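*Asks:* Heads up: the protein sequence lines correspond to chains A and B, in order.
Following my numbering, the numbering of the first sequence begins with 3 at its first residue and continues without gaps.
Following my numbering, the numbering of the second sequence begins with 46 at its first residue and continues without gaps.
Everything labelled a hint here was simulated from the structure, so no lab data went into it.
Some hints could be false.
To be verified - If we take Cβ atoms under 8 angstroms as the criterion, some of the chain A residues that face chain B in the derived model are:
1) 12
2) 15
3) 34
4) 44
5) 45
6) 46
7) 48
8) 51
9) 76
10) 91
11) 95
12) 102
13) 105
14) 106
What the hints assert, rightly or not - Derived contacts from chain B toward chain A, CB cut-off under 7 angstroms, selection only:
15) 88
16) 149
17) 150
Please read all numbers here as calculations on a predicted model, not as lab measurements.
In this text, a Cβ means the ideal position worked out from N, Cα and C, and glycines have one as well.
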Amino acid sequence: GESVGLHLPTLSVQEGDNSIINCAYSNSASDYFIWYKQESGKGPQFIIDIRSNMDKRQGQRVTVLLNKTVKHLSLQIAATQPGDSAVYFCAENSSGGYQKVTFGTGTKLQVIP
Amino acid sequence: ETGVTQSPTHLIKTRGQQVTLRCSSQSGHNTVSWYQQALGQGPQFIFQYYREEENGRGNFPPRFSGLQFPNYSSELNVNALELDDSALYLCASSLRVTSTEAFFGQGTRLTVV
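Please model the entire structure based on the sequences and the hints provided.
*Replies:* Right under this line is the structure:
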């Protein structure tokens with residue numbers, strides 16, 4: 003069945019360093035891959051998405067890389083800040099008349115001041 | 046803040062009871078999706094509503110049902126509550142049914158005892 007998973011449950015990064023969060027997926031039919039950030043007590047917040055026919059997309063301080071050959075997705079956060087501390091989810095979006103988003107289990111990013 | 050509001054924020058119910066959770070979508074958003082998030086896990090897609098009709102459903106039994114109203118607000122109803130229904134229930138609205146970017150509310154924490 004389809005699944006989206008993460009390699010590391012927790013990632014600790016020094017403030018100012020770059021963070022890389024990795025994700026493996028298994029459903030090759032996904033149209034989009036999405037990264038969400040969830041802070042404690044809040045709902046997930048959309049960060050960035052990438053269409054399945056792309057291999058790189060950049061946003062403000064974030065870059066998402068997609069490697070379809072090995073079914074791997076990563077989120078790079080430049081100059082990590084304390085406000086980046088949260089759980090990060092990769093998710094896949096398969097549209098078949100509706101947008102069904104399948105989330106992975108999440109990686110907790112801890113930023114060390 | 047996303048503009049998506051959910052009520053109530055917390056709720057305690059007894060096994061076998063029924064519950065209704067409410068969601069006000071962001072202004073102008075015509076698509077609402079509901080997710081169940083168990084502790085320490087990623088959100089699981091329950092269903093999506095568009096134009097007041099269920100537009101797609103995840104692997105949840107029929108005792109999970111919903112409604113969408115003409116103003117695009119939505120309700121999630123769960124009948125015959127089970128202990129395993131204890132979770133954070135998240136509502137997300139999107140500008141269009143084809144949008145990949147979803148805006149989540151803060152969720153309703155349901156505890157079934």
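*Asks:* Now, for every hint given, state plainly whether the structure supports it.
*Replies:* Status of the hints after comparison with the structure:
1. 12: violated, 12 angstroms
2. 15: violated, 21 angstroms
3. 34: holds, 5 angstroms
4. 44: Constraint on residue 44 (chain A) satisfied, holds at 6 angstroms.
5. 45: holds, 3 angstroms
6. 46: Nearest chain B Cβ about 5 angstroms off; hint holds.
7. 48: holds, 5 angstroms
8. 51: holds, 5 angstroms
9. 76: Since chain B brings no Cβ nearer than about 17 angstroms to residue 76 (chain A), farther than 8 angstroms, the hint is violated.
10. 91: Cβ of residue 91 (chain A) sits 5 angstroms from chain B, so the hint holds.
11. 95: holds, 5 angstroms
12. 102: holds, 5 angstroms
13. 105: holds, 3 angstroms
14. 106: holds, 5 angstroms
15. 88: holds, 5 angstroms
16. 149: Holds. Min distance 3 angstroms.
17. 150: Result: holds, 5 angstroms to nearest chain A Cβ.
Consistency note: the structure conflicts with the earlier hints numbered 1, 2 and 9.
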